[in-house]
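Undergrad: Take a look at the letters that make up each chain.
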Amino acid sequence: MPDVVFMLLFFFMVTTQMRDTSIMVQQRIPQATQLRSLQRKTLVKYLYIGEPRKIEEWGKEPKIQANDVFIQPREVIQWVNQEKSTLDESERDQITVALKVDNETKRGIIADVETELRKANARKLLYSTNLKSGEF
Amino acid sequence: MPRPTPDIPNASMADIAFLLLVFFLVTTTVANIKGLSVGLPPPPEAQEQQDIKIPERNLFKIQVNSFDNLLVEGEPWTGTNDELTEEIKRFILNNGADPESSDNPQEAIVSYKTDRGTSHRKFIEILDVIQKAYYDIYAERVGVTNEKWREIASDPEKYKDLYDRGRGKLPDGKLEIPMNLSIAEPTQVGQ
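Taken in order, these protein sequences are the chains called A and B. Note that our numbering numbers the first sequence so that position 83 is 83, with each residue one more than the last. Each number in our numbering comes from the position in the second sequence (counting from 1) with 1000 added on.
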């Protein structure tokens, strides 16, 4: 019995990844059916967009969160370059930005981010979605 | 006479292991990197200013306004999303049959325009519909399910042959059925 428990324990210890950022914006992720998964998880960098969780502190306007801070759309280029420098030189152009955007966010702010990503030459994009239940 | 080796009490070992197990079970989040994959066009300034007139018949226009209302080819859309997928598929694979629809899949462009006030939910919903049309076509060409195709597309190196066959890769590197999805800069009415 203890052996089995230990085995499970090791399994979870090995597979666990501690989340290093706490998300400060609302994240009601939209649903879709045509999901694709990404093979190289290390190449994926996240941007979180949505209404701040603490409205009294940050206001109701949707904000962009990168790592642990809120950034302005024009700071996206800087963020991309910073994230690119953490990757291997040969892989820098393969960086994929995953946008985790709240359902109720308006297209405007997302389009601004996309324009900046184009300028920063990070053109692989993934709109993070959940699988729509009830369909395959 | 050798001294007896002292024993470490191990009756509680299982309890401790259980406690740790529960801790890791609770804190584990399964990394979920799934979503709709799109490629952005090159940077605005790098793009040559070109005014190529694309014939109306080769454009399939989908517009969403700031109230999340859908306009397809200039008409309000009343059908379901599945019907819209079928409509897009017919447009792509028209091959000149209907003079109002596309010349061939290479020329056919699905133009998707939203407003700054469109919600992300609606944007994803319609993007999903458009991508389904293309994935269905690719999947059918290699005789697999839509689901299997997306698995193939997620790992093109592993399934290179199928991936190229589905999209119809020509000797010169072009595709027979490229995913010509143009996500236009949103209009400024809402917001």
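It is possible that part of the hints are untrue.
Derived pair list, reagent style PhoX-like, types lysine-lysine, alpha-carbon separation capped at 25 Å [as the list claims (entries may be wrong)]: (1) A:100 with B:1160; (2) B:1160 with A:124; (3) B:1113 with A:41; (4) B:1160 with A:132; (5) A:84 with A:132; (6) A:100 with B:1113; (7) B:1174 with A:84.
Restraint ranges, calculated between C-beta atoms of paired labels, are given here [unchecked claim]: (8) A:73 with B:1042: 15 to 23 Å; (9) B:1056 with A:86: 44 to 52 Å; (10) B:1056 with A:69: 43 to 51 Å; (11) A:7 with B:1012: 12 to 20 Å; (12) A:37 with B:1007: 27 to 35 Å; (13) A:60 with B:1103: 45 to 53 Å; (14) A:133 with B:1056: 37 to 45 Å; (15) A:67 with B:1146: 34 to 42 Å; (16) B:1044 with A:6: 21 to 29 Å; (17) A:53 with B:1082: 23 to 31 Å; (18) B:1095 with A:40: 44 to 52 Å.
By construction, these hints were calculated from the structure, which means they are not laboratory data. Where is the CB? At the ideal position from N, CA and C, for every residue including glycine.
Undergrad: Assess, step by step, whether the Cα of residue 1160 (chain B) is no farther than 25 Å from the Cα of residue 132 (chain A), and give holds or violated.
TA: Given pair residue 1160 (chain B), residue 132 (chain A) is violated - Cα atoms ~28 Å apart, limit 25 Å.
Undergrad: Mind checking the hinted window 34 to 42 Å against the Cβ distance between residue 67 (chain A) and residue 1146 (chain B)?
TA: holds, 36 Å
Undergrad: How does the Cβ-Cβ distance of residue 37 (chain A) and residue 1007 (chain B) compare with 27 to 35 Å: does it lie in that range?
TA: Given about 50 Å between the Cβ atoms, the range is violated.
Undergrad: Using the Cβ atoms, figure out if residue 1095 (chain B) sits within 44 to 52 Å of residue 40 (chain A).
TA: violated, 37 Å
Undergrad: Take a look at whether the Cβ-Cβ distance between residue 1044 (chain B) and residue 6 (chain A) falls inside 21 to 29 Å.
TA: violated, 57 Å
Undergrad: Taking the CB of residue 1056 (chain B) and the CB of residue 86 (chain A), does the distance hold inside 44 to 52 Å?
TA: Holds, at about 47 Å.
Undergrad: Do the alpha carbons of residue 1174 (chain B) and residue 84 (chain A) lie within 25 Å of each other, as the hint requires?
TA: This hinted pair is violated, its Cα atoms lying about 29 Å apart.
Undergrad: When you take the CB atoms of residue 133 (chain A) and residue 1056 (chain B), is the distance between them in 37 to 45 Å?
TA: holds, 39 Å
Undergrad: With respect to the beta-carbon atoms only, verify the hint that residue 53 (chain A) and residue 1082 (chain B) lie 23 to 31 Å apart.
TA: Once the Cβ atoms are compared, 36 Å apart, the range 23 to 31 Å for residue 1082 (chain B) and residue 53 (chain A) is violated.
Undergrad: So if I understand the rule, the pair passes when the alpha-carbon distance is 25 Å or less; does residue 84 (chain A) with residue 132 (chain A) pass?
TA: The given pair, whose Cα atoms are some 32 Å apart, is violated under the 25 Å limit.
Undergrad: Given the hint of 45 to 53 Å, check if residue 60 (chain A) and residue 1103 (chain B) actually sit that far apart at their C-beta atoms.
TA: holds, 48 Å
Undergrad: Taking the Cβ atom of residue 1056 (chain B) and the Cβ atom of residue 69 (chain A), is their distance within the range 43 to 51 Å?
TA: holds, 47 Å
Against the hints set out earlier in the document, violations occur for numbers 1, 3, 4, 5, 7, 12, 16, 17, 18.
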